[in-house]
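> Residue numbers (this note's numbering), protein chains in the order written: chain A, 48 to 247; chain B, 48 to 247.
Note that these hints are calculated values from the structure, not bench results.
Any given hint could be a false lead.
Identical copies look the same in the list; a pair holds intra-copy or inter-copy alike.
Restricting the straight-line Cα-Cα distance to at most 35 angstroms, the calculated cross-link-like pairs of lysine-lysine (DSBU-like) are [claimed, not checked]: (1) Lys-209 - Lys-101; (2) Lys-70 - Lys-176; (3) Lys-125 - Lys-70.
As a plain string of letters, each chain reads:
2 protein chains.
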Amino acid sequence: MAIDPTVSRLIQALRLLPGIGQKTAQRMAFQLLARDRSRQAGVELGESVIHAMKTIRLCDRCRHFTTLPLCNICQHEKRNPALLCIVESSADILAIEQTGFQGYYFVLHGKLSPLDGIGPADIGIPLLKQRLQTEGLQEIILATNATVEGEATAHFIAELIKHSGLLCSRLAYGIPMGGELEYIGGDTLARALTGRSRLD
Amino acid sequence: MAIDPTVSRLIQALRLLPGIGQKTAQRMAFQLLARDRSRQAGVELGESVIHAMKTIRLCDRCRHFTTLPLCNICQHEKRNPALLCIVESSADILAIEQTGFQGYYFVLHGKLSPLDGIGPADIGIPLLKQRLQTEGLQEIILATNATVEGEATAHFIAELIKHSGLLCSRLAYGIPMGGELEYIGGDTLARALTGRSRLD
Chain A
48 MAIDPTVSRL IQALRLLPGI GQKTAQRMAF QLLARDRSRQ AGVELGESVI HAMKTIRLCD
108 RCRHFTTLPL CNICQHEKRN PALLCIVESS ADILAIEQTG FQGYYFVLHG KLSPLDGIGP
168 ADIGIPLLKQ RLQTEGLQEI ILATNATVEG EATAHFIAEL IKHSGLLCSR LAYGIPMGGE
228 LEYIGGDTLA RALTGRSRLD
Chain B
48 MAIDPTVSRL IQALRLLPGI GQKTAQRMAF QLLARDRSRQ AGVELGESVI HAMKTIRLCD
108 RCRHFTTLPL CNICQHEKRN PALLCIVESS ADILAIEQTG FQGYYFVLHG KLSPLDGIGP
168 ADIGIPLLKQ RLQTEGLQEI ILATNATVEG EATAHFIAEL IKHSGLLCSR LAYGIPMGGE
228 LEYIGGDTLA RALTGRSRLD
């Protein structure tokens, strides 16, 4: 009763954003309402979100978010067509692009999770199979996250690829750059030991 | 180039929200786009924000956010008309309402800040003066924040009220409930000592 129903609905709407709780939504709502300029920003935000939700689709080839049938990366002809990097999300593409990687991508938009009812069809495996058969690929890089589900998903895809004659690789696990052994988790350290490489 | 311009605009739009940086905006955008249900939530969010920005105004009497000329609290006739609590933001009203406070409010929507060009007119002082003169008030509670600017604002308003014969009070400063002296800041402890009360 201390709050107008429209303000209350605004706060509830902001809570629809991932990671935003009641207090944060309340602070956002009041800050947006506070000044003419922030209200204008609020209207722009609303319009951008609606426009994006209605026009953004998945690329027909790699499932990256795009407004076109083929995303910018798949349209680019000077990349290495033999290299395919499989990632869990579009955000991972942005991270890998910063390394200067020059191959193409495939986005799962999730990971296998039988308990949540997420099976191979939900993460685009049929489209991936089709690409494996029809494109002149040489190496598949499994770049799923270093989590239990990410590893299970990578293992599932590796099984699919096994008999195709394609080279299949996984990102290296180990000590992050700048990491100090003293503060690194035991599981990471164990993987770093197992995956040690010979210095010549 | 790794990202579609519409996705990029969505991320920039989410950054308009207070406290949201590039990485968080990116994560929000990708999560909203990820599933049909979250896209529907995104459209609802956009519509609610636009509607709120265009319909919410300030209460003519207390400047609390509302869609009506008078807010719910000012319309309520069974509260104590002698008590006026002055706060910095509408969020503060929500916090004080939880204590069971039964007076009315006045919202500054900010605090005096000469360096930012925020003067008395920007925080509604002319309307406040008018209320002090025309309403049968007995006590003004200054409930601005315990910050330098909050205190300066309280001091400015106290000066206004000084010769009106109204009782003027300020929230108590001291140890928060559950606080352990060992971990309390020196300035808080000093205020708690100065403001100590006699046990009879």
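> Run every hint past the structure and note whether it holds.
Going down the list of hints, with the structure as the test:
1. Lys-209 - Lys-101: For Lys-209 and Lys-101, neither the intra-copy (39 angstroms) nor the inter-copy (58 angstroms) Cα distance is at most 35 angstroms.
2. Lys-70 - Lys-176: between (45 angstroms within a copy, 32 angstroms between copies)
3. Lys-125 - Lys-70: Intra 48 angstroms, inter 29 angstroms, cutoff 35 angstroms: inter-copy only.
This entry does not satisfy hint 1, going by the numbered hints stated previously; all others are met.
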